Amino acid sequence: MAPRDPASAADEGIRLQKVLAAAGIGSRRRGEELIAEGRVSVDGFVVREQGRRVNPETAVIEVDGDRIVTRTGLVHLALNKPRGVLSAMSDDRGRPTIADLLTEFGGGGGLFHVGRLDGDSEGLLLVTNNGELAHRLTHPSYEVPKSYLVEVSGPLRREVPRTLRAGVELEDGLARADSVQIVDQANGRVMLEIVVHEGRNRIVRRMMESIGYPVHRLVRTRHGAVYLGTLRSGRARHLTRGEVGALYRNVGL
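For the sequence shown, my numbering begins at 1241 and goes up steadily by one.
Just so you know, these hints were derived from the structure itself, not from any lab. Values in this document were obtained by computation on a predicted structure and should not be read as measured data.
In the DMTMM-like style, the derived pairs of lysine to aspartate or glutamate whose C-alpha atoms are separated by at most 25 Å in a straight line are:
1) Lys1258 - Glu1483
2) Lys1258 - Glu1289
3) Lys1258 - Glu1277
4) Lys1258 - Asp1306
5) Lys1258 - Asp1283
6) Lys1258 - Glu1273
7) Lys1258 - Glu1302
8) Lys1258 - Glu1272
The whole structure should be built from the sequences, with the hints applied where relevant.
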């Protein structure tokens, strides 16, 4: 479908430079400069006219080709889930959940996790109230990569990385790693970085167990364009504008 020229829209909505400022691009003056430089597009068309009005709830706005999320009320968080905490917003048995870690963000009301990490695993978990983004990030057809640090007992057989990349047969079908790298080997333990784009339950643990290497520790360090970085265990943060835009690109939004 051809993009709709915003000039055909009714003269209503909010001034584009104000929408850009609210989305964190900078001051309204900075928004005006970007518009004058031809770096802003709305619904696929470059906008150079100052004062153009748009509907931030429906317009697709890009700056330098990067999608700017302008819908109000959307929340996008990165959480470093500790071991022993459930990837759930509540638990009828009273066990700790990620909602307990989100009190400064409203205690998780209206939020949900994107995929999950089992109770014994830790690391990056995306949390949002953006249903379409969450659906696409977890749908296998978009092949969004996720990276894990995996600790197992050594020594590691030389063929293990090749075997994981070629694929191992699990009870629910063949599972392959996109990449496998040995990060460290010391004191009888081996640390691997494994990248997969599937979201099947405990897939990395099951892959390692199937070839004789039960996992001692598993930490997710990346989900698509978002990295765990230095975020402390049990803490959450808002994603940056660039991270949200990159996630949108990851899934074609």
